[in-house]
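Novice: Two independent chains are provided; combine them into the complex using the hints.
As they're listed, the protein sequences go chains A and B.
FYI, in the working numbering the residues of the first sequence are 1 to 282.
FYI, in the working numbering the residues of the second sequence are 1001 to 1281.
Since no wrong hints were added, every one of them can be taken at face value.
With beta-carbon atoms standing in for the labels, derived distance ranges:
hint : chain 1 : residue 1 : chain 2 : residue 2 : range
1    : A       : Val115    : B       : Ser1039   : 35 to 43 Å
2    : A       : Val132    : B       : Leu1062   : 46 to 54 Å
3    : A       : Pro76     : B       : Ser1106   : 42 to 50 Å
Rough simulated footprint, nothing fancy, chain A against chain B, three-plus residues with beta-carbon under 8 Å:
hint : stretch
4    : 1048 to 1056
5    : 1074 to 1085
6    : 1093 to 1103
No wet-lab data here; the hints were simulated from the structure.
The structure presented is a predicted model; accordingly, all values stated were derived computationally and were not measured.
Backbone N, C-alpha and C define an ideal beta-carbon position, used for all residues, glycine too.
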Amino acid sequence: MPQRVSFWRAALLSAALLAAFLGAWEVALLPSAATGPALDPEYAALIGAAAAQGGQTAMPAPSAIALRLVELLADPFYVRGTNDQGIGVQIAYSLLRVGAGFGLAALVAIPLGFVIGMSPLLNAALNPFIQVLRPVSPLAWMPLALYAIKDSAISSIFVIFICSIWPMLLNTAFGVASVRREWLNVARTLEAGSWRTAIRVILPAAAPTIVTGMRISIGIAWLVIVAAEMLVGGTGIGYWVWNQWNNLSIADIVIAILMIGLVGLLLDRLLGLLARAVSYAE
Amino acid sequence: MKPDVAIEGIARRFGATTVFEDVWFTVDRGEFVCLVGHSGCGKTTILNILAGLDAPDSGAMLVDGREITGPSLDRAVIFQSHALLPWLTAAENVAFALTCRHPGWSRGQALAEARKALGRVGLDHAGDRKPAQLSGGMKQRVGIARALAIKPRILLMDEPFSALDALTRGALQEEVSRLVSEAEQTGFMITHDVDEAILLADRILLMSNGPGARIAEVVVNTLPRPRTRASLHHMPGYHALRDHILDFLITRSREFSAASPPPGWSPRAVPEVKPAEGAAS
Chain A
1 MPQRVSFWRA
11 ALLSAALLAA
21 FLGAWEVALL
31 PSAATGPALD
41 PEYAALIGAA
51 AAQGGQTAMP
61 APSAIALRLV
71 ELLADPFYVR
81 GTNDQGIGVQ
91 IAYSLLRVGA
101 GFGLAALVAI
111 PLGFVIGMSP
121 LLNAALNPFI
131 QVLRPVSPLA
141 WMPLALYAIK
151 DSAISSIFVI
161 FICSIWPMLL
171 NTAFGVASVR
181 REWLNVARTL
191 EAGSWRTAIR
201 VILPAAAPTI
211 VTGMRISIGI
221 AWLVIVAAEM
231 LVGGTGIGYW
241 VWNQWNNLSI
251 ADIVIAILMI
261 GLVGLLLDRL
271 LGLLARAVSY
281 AE
Chain B
1001 MKPDVAIEGI
1011 ARRFGATTVF
1021 EDVWFTVDRG
1031 EFVCLVGHSG
1041 CGKTTILNIL
1051 AGLDAPDSGA
1061 MLVDGREITG
1071 PSLDRAVIFQ
1081 SHALLPWLTA
1091 AENVAFALTC
1101 RHPGWSRGQA
1111 LAEARKALGR
1121 VGLDHAGDRK
1131 PAQLSGGMKQ
1141 RVGIARALAI
1151 KPRILLMDEP
1161 FSALDALTRG
1171 ALQEEVSRLV
1181 SEAEQTGFMI
1191 THDVDEAILL
1201 ADRILLMSNG
1211 PGARIAEVVV
1221 NTLPRPRTRA
1231 SLHHMPGYHA
1241 LRDHILDFLI
1251 TRSREFSAAS
1261 PPPGWSPRAV
1271 PEVKPAEGAA
1281 S
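Same shape as in the complex, but just chain B (with noise of 0.2 Å):
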């Protein structure tokens, strides 16, 4: 399949810390990818740049096979902080991108296509109200309705649950895998919460600890869809895999090293693991 995104070589430091460096990954049209590490490994500077808000010190991002530096509206980002405007109601923040999205129309065709927009996340009844006036998990559906309201090429999420309780928390990753495998949307998620990332994701990018953070593993996640936070935990291979990756961050995030990496490991092509697919057979 041909990459939507690619990242090829990208390394970013501050002074004479290098965060992470030689960072490759591709993101596949329709596909849904999680990077898990720990904090300090450079997770959200790698978000930032996919988003064009920051750029890399070398390597560089591809789109569609050419070279992208800056923001752009065929990459969308669902915010941690959520970042709605508060002087505008939720619809109005919708509407706000959209009418960036799409510059001739009228304000109250934008403010009906984002009524429509807040309706697929189960929020028609709050179009009117301020941000300030709606709930922590309320916020982020209007983030997310404002982010897919303007159908991007990839969804970019920085762990937009983290702030969110356990309850809001699995509505909004059920929500969100609902949302996003109706309009095979590709997408790009930051999280350490290791249940959201088996819940979510194609492919799961395991990125080393920091400084000099690597893609240490690629884990496939072959569970089948559509899996549910209710049936997850009872599907042949999903202790195996989340065994496999809690064990990655426990202790082979800290030992890895790109000096003396496992065999087989290379920055470039870095080993992929299917540990659901054994213990499934």
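Bound-form chain A, shown alone (with noise of 0.2 Å):
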């Protein structure tokens, strides 16, 4: 069994090892004042004594980027025409596409899923289909959804839709098909009906393992988000990363990585309160 740690011993070492890296990360890019070899006067002069000197790296110390953090987060929600906007647009139109594709995908993926874990015969139809399309990378469906919704937006939420679909769609027939036979035996016995007895007996019974793949399918949705959103362009967190590759700000893409974490720690941290909502002891 592990050993419980004291949460404060632990935190105190995190501190530690987060400081440790960032102390390291400063210094190993303060300017040295020992200069390389000695200059060619006349090259330097040509092109300019610091590029010549190889001199200011784009790599930006913790500290220029803490100062970054602090601008973009005091105004995060501005919108200067299409292609400056602020951190916080960007982050509400990547929620916003994952949010559209992953209910999508829940709409069609539970009932389905239902049907699939109630049906032997429909689950051995359809597994063939799904054991091949699961594990297509979802970025792969990306142009045959650029040819047929002809719309880069749209497409980018059914990218979202697909890849979030398998999780739940799998856990939901795997909860719904291993219900406890005597609870089915109770309903059965109470004559509750199919209607009843998959609301109030099923479903419930299966929300931990439908919950489970509801959480699994939206971190990989937050994981594609970005990806996508790189293909597509206009808006969007990963746009904002790869429009800052593009201007060379590795400040920004510093700061966007941090943030895609938290939203994604966030997003995790949600349905994990859902899931200690429907969890049960038996």
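Specialist: Below is the structure:
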């Protein structure tokens, strides 16, 4: 059994590791006093002293990133034309797409998974399709979606839809198929009827498994949206990251990575709350 | 008396193996019948057929003279594993059954009735608890309350107390005995506890060993009611009754053969014996 650790000791160690990492980063980027090989003054005059030295690197120090972070978060929701919008606006676009794609996937996957879980025949019949389609990278669907839908925003929602559907579908089908026989027998002896049995017995019995599927799905959806938006462009945190790469703003890219991580954590925690609400002890 | 439920010549086969066949019996209104036999004679299958959860390969079940298949609210089951829905509280479990019986009831009305039903099994205080927070005996009490709350025509019990410790089992047996006689509830119970059968039953059906099991004897329990566990073994006739059943389980259940049955035995008219009556006089 793992040993229980005190929260404060772990937090202290985390803080120390972070400080060591950021400190090493900061120190590594300090401008060195001792310059390298002596410069040819003519060469320096030609292209500028700093550039000739190899001088200013594009990699920012943590302190510079922190300053930039404060700057970005001071006004996260500004919109100055299509190509200049705040980081909050970009994240909101991404969340909107993930929400739409994931929501549509849940609307399809949970009822369909329910039917598949109830019917061994349908399960066996649909299994080959699911097994072939599930391992396909969601981005492989993008060209097809762009061709068929002819709208880049809806195409990225479709890609989110297609990548979030599988875990929810499989988990729902599994959860429904493995509802304890005796609970179904209780419903049968009470003449509960199929609708009441589905809503009052099978759904709550399978809910923890279904929510686990939803949790996996939203994690994958949040992974995929960044890549999808890099491809389609326009808006969203993925597009923003790519845009900052073209601007060579490494600080903004680092900040975006941090933001993507934090939002992903938040999404997972939200589903975690739902999981706690539907869990039961046997 | 008119039989509430009649089983007519049912058989169950798994492949080439016949678990039991040519099983006939009736349960009269207000009567409590116990089915006793060794593992493997198909007791649970017979109960599941009565509950409508299983179907016989031949033969039929008649309720009120009409052939019935499938489960019904009129035949409530107390499951060995209590089978409570773990995401509902004790009161909600009972209320779920009540709303199945009375679709027009509001949630509040069903919960109020559920609490009354829990009160009758001594669980007034535990209505808001989830099954995981209840002891084994309390869970089974909720199961009993759920089955009785819907006022079934017949109460079916599949070794309901076998998973409980001896003290709890004794308390619940008396509880069921009291509830069943108060409500004049028709009951059918599977057990392999001989004392449980003697405490509760009006008639005890003894099954021979499977495969090819039959009802070999019907023991009429003539011990007067009310019976309590404390006084049961002091009743005249108790020992004769108990010895008779134990002898059956140890030797006669093995030796019984439908091909060369004991004199007077036929599957449709299994002889009734009253071992306690002779000894009491």
